[in-house]
Each structure stands twice: as C-alpha cells, then as structure tokens.
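Heads up: the sequence lines are chains A and B, in that order.
Using my numbering, read the first sequence as starting at 1 and increasing by one per residue.
Using my numbering, read the second sequence as starting at 1001 and increasing by one per residue.
What the hints contain is simulated information worked out from the structure, not anything from laboratory work.
Please note: incorrect hints may appear among the correct ones.
What the hints assert, rightly or not - Reference listing, derived: stretches of chain A covered by chain B, where coverage requires no fewer than 3 residues with Cβ under 8 Å from a Cβ of chain B: (1) 52-66; (2) 73-87; (3) 161-168; (4) 180-188; (5) 258-269.
Quick caveat, the model's predicted, so the values are computed rather than measured.
Using N, Cα and C, we set each Cβ at its ideal position, and we do this for glycine too.
Letter by letter, the chains look like this.
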Amino acid sequence: MSVEETTPRQRTVLAEPAPQEQRAASRKSGWVRRAPLLPALVFVIITTQLPFATTIVISFMSWNALRPNDRGFAGFGNYAQVFSDANLRSSVVTTVVLTVVVVGVSLLLGLLVALLLDREFIGRGAVRTMMIAPFLVVPVAAALLWKHALLNPSYGLINGVLTWVWGIFGSSSPPQVAWLTQFPLISIELALIWQWTPFMMLILLAGLQSRPADAFEAAKMDGASAFQAFRYITLPHLRRYIDLGATLGAIFIVQNFDAVFTMTSGALGTANLPYTIYQTFFVRQDYGLAAAQGVIVVIGTIIVATFALRSASSLLKEDS
Amino acid sequence: MAATAPATTAAEADAAPPQQYRKHSKLTRPNPLWGVVAWLVGLLFAAPVLWMVLTSLHSEVDAATNPPSLLAPLTLDGYRSFFGNSNAWPALINSATASVVSTLLVLALSIPAAYALSIRPVRKWSDVLFFLLSTRFLPIVAAVLPLYLFAVWSGALDQIGTLILLYTAMNLPIAIWMMRSFLAEVPVEMLEAAQLDGAGLIRTLRSVVAPVAMPGIAATALICFIFSWQELLLARSLTGVVAGTAPVFLTSFVTSQGLFLAQVSAAATIVSLPVLVAGFAAQDKLVQGLSLGAVK
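With the hints as constraints, model all of the structure from the sequences given.
What follows is the structure, given as structure tokens:
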C-alpha cells in the first residue's frame, strides 16, 4: 500500500470541534455524523435481534406443529429434553470433532502451501489461482462433486485411480472403498478440508508477506538454520494470522449445513447441530425443541465468538 | 558467501518477481524443486474442479467408467439435459435476482455506514463495529424457525423478496467491516485539503474518496454476491417451487438417479461458474475481504 492509512481514532480527534463552539453544535454534529450509520444499524437490529428474541420465547413453549392443539408454556421442559437426548449429545460431539479436525488440518495444510507460495518460482500466480479454485466452488456443488464424482464406490474418481494404479502393476483386484458408508465423517471432513485449505492459505500467505524482512535476514546472517528462523521469527509473527484463520474458520464450519445435508443427509453419525436442528424443525416439526436447540447453539457460538472477537480486535488495535 | 552471491543474483534476475509480492528473503537461494512441489500441490487441489468440468463434457456412459476414461470424446449432452430441466433457468434467475439485488442493497446501506465508522467516525465506532460483527457470528440455523413462522404468517414464504432482505441482513455486517477497512485507506490529508479548497461533501466523496475506495467497493460487492449465491439453508427453508435458488435446485441431485454423473457435473459447473468468475476477479482483495479487513 503506497497510501499511509490514518486511523479512525486520529480522525475523531482531528475532526473534533473547537472548544468554543461545543455543546449545541457538537450535539447537532453528533447526529449528523450518526445519520449515515442509522439505516444499516436499524436494519441489522430488526433482522437479526428480533428472530433471536422470538427463538428464546418459543424455546420455553411446548409447540409441535403436528399437534397444534397442545400449544402452551413448557418452562425448561425443552431444555431438559435437549440435554437428555442421546442423539443430540452425539450431534454436539460430531460438531466439535468436525470443526476441530477441519480447522486443524486445513490450517496445517494452508500453512505448508503458504510457505510454498511465499517462494519465488515460475508460474506462482497461476498456482495461486489454482489453489483458490476449491474455495470458489459453490458448497452444495462441491459436496455433490465429492459425493458422486469422487467418492462414489463404483465410478468415483478416487476408486477409479486406485483401479488404474493397481492395473499398472498388473493387479485385477484393486481395493475399492465405499467411502461414504465406511468412513462417512472422514469423507465430509475431506471435502471441507479441500474447500477450507485455500482460505487458510490466503490468510497465512498475507501474513508471511507482511513479515518484516530485516529480522528474518538478520537471523539468517547470524547463521540461524531455516528451521530456527521459521520457529523463532516466522511462527511468532504468524501467530495472530493463525488465530484469525482458526476462529473465522471455526465460526463457518460450526454452522456447516450444506456438506452434511448433501453428502450423508446426517446419516451414520454425521448429523451435526445445524443439521439436527433443521431436522427437529422440518421433519419432527417440534418448534419448541428446535428453538431450545437453537438457543444452546447460540450460547456455544458466543463462547467461540468471544475468542474470535478478541483476535479480530487485536488486529484492529494494531490498525489504530 | 562470496562465491555463491553472483549465482544467487543471476537466478533472482531470471525469476523476476511480480510487483505485488514483497521480496524478503534475498539470502535463500531459489530451489527449483520447491516450485515443482508447489505446482503439484496446486494441481492436486485444482484436480477435483478440473475433473468436474471434464466429466460434465463426457457422455453419461463415459462418465461412469472405472477406471476413469480421461480421453473419452467430448459432448455437450450433460449441459443439454441440465438446461432441458424446466426448473434450471428459473432457479438460476432466482439466484441472480436474490444475489444482485441484495448486493445493491448492501452497498446502499454499508457505504454510508462505513463512512460514519471510518472517515467521519462517530464516538464508540469500535463498539458499533463489534456489535455488527457479533450478529454475523450468530448461527443462522437458530433464526430459521422464527423466520419461517413469520414468513408463513405474513405470506412471505416462497417469495424472492424475503430472500433478498435476509441476504442483505446476512451480508451487511461483513460488508461494513470490509468497506471500513477500504475507506480507512483514504488519506486524511487529502480529505482536509479538499475541505480547505471548499469542496462539498458530494464532491469530496466523488473526487477524493471514490478513486481510492473503488477497488475495495467492487471487491466487497463481489464477495457479498458470492455469499448470497452460495447460500442454502435459508433458501431451502423459506422457498419452494417459485422462488427456489440454484443451490436449492442442486439438492435435487442429492440422491443418485442411475447414470447422471455428467448431468450433475454440468449442473455443478454452471452453478459454480459465476462464483469462480467473481472470485478470480476479486482475487487481489479476496483476503482483505474474507478476513473482514483485518489482513491487508
């Protein structure tokens, strides 16, 4: 960036009215300043806060659309049901496992690819473009691609390549894996890792390229090995970028619905929380229970998001 | 050291780096092996996408062979049967309507808001930003039920207008964050100079803010378009036959239906194409946008 960035805080100070003409003028100018913000703020409050408030109310009601006459107050009944339901407990575990595995593996792969792309080689731009492609396939399309074109046991590409490789060595009985039934959760994780590695790579590559060159080169001059330079200079610098990638990734993957819905329809222990809630709401039509599940997911998300906000604010502070 | 130095400079001169990459490791000798590894990794990640496109151009019979038939003759049959489906065009048009209109609404609301958070910041601007961000972190699935009940009650079920409003709400917080980081790049000296020269608000916006912020605004619009185009949960819950979007249409391929791989691949390719184009167009600003402006 050739332009120096001025910080918003600096601007607040710069634009502060002179002390003489304060009070009335500043109140008026306060509203003039706020005016452009208000439409967006009001819109966001109406469209996001109202539905969540409604969800909280419904979570205390006994309301099943299949039994419309039974509607009433349920107290904490729905919450008790949420915590005693074994399926729901297993969907909590599935959500955690899915999120941790996908975020962890795609961060690691993303770091390795970012380190590769940080080097100079012929066609670096082309490789970067190829790397981004998985992230730009529509998630449902990507899930269909993995389900039918790659993991299908009889004509999927992965089993096809196994047949082909074994064929080269003259074997007529290659291993053929029924991925989606034998390893349902791993299959979903594989598809999501493929989509999210580019995201992590982009963030970490930006981190690598903002690394101060002098410290790194000084370390090299002092005879630090490549690994030492990475461990003691690059990694601490990347720390905040890793945090940011992990938290943003976690927020999106905790909410994942598309891959689970498309690839396994929640069967064979792959139902995560969003899918389970969707199921409670659309199939069982138990609105009270679905709302209670929703409230619990929101609480879980707030806990994760607190970390996310913290890492976002550390980058924002540096900004200012 | 002295012996290797000339070789290093020569090799570096050969591989003249593109301008946007910062050079920082003059001392590491470029090893061509790592370039080869990077190409292989890139190809590995792109392979499923390339395979999707190739399969979409094969006949159904050639698409379903084991081992795969790479060199089978190409045909547009997959695309013909995709567009032969009477639901395909309406779904694409619904998706285009919902994504484009909601993106325009997002721009109309987020540019003034970002202005009030960066160029002429209100007090407590960072609190407002974090409130906005927190709304985006709340899982959509917890809001689907009340939205559905409200849509049933108000007759807004299966209407594209409902999706437009919800996509606007979904993207607005992210757009304001991105836009703020792009507008913050406008140098304050330039704003002051414009003010001293007696330029009014509109003129300042047009001739000082717009030129610096335009690429960022375009990237924000493309990213909002991508998020709306991809969305499935809200569309699947709140639309049906009339307002169903392209991702909803794709869910009709969830269960296998005999020989249909070429058709699935064609459908997946067509639906992904706008996102691929938008994403590659926004490539340079993609990280800044996706990290909500935290990463430059």
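To see whether the hints hold, each was checked on the structure:
1. 52-66: holds (count 4)
2. 73-87: Per the Cβ count (0), the hint is violated.
3. 161-168: The restraint on the segment 161-168 of chain A holds, since 4 of its residues have a Cβ under 8 Å from chain B and three suffice.
4. 180-188: violated (count 0)
5. 258-269: holds (count 4)
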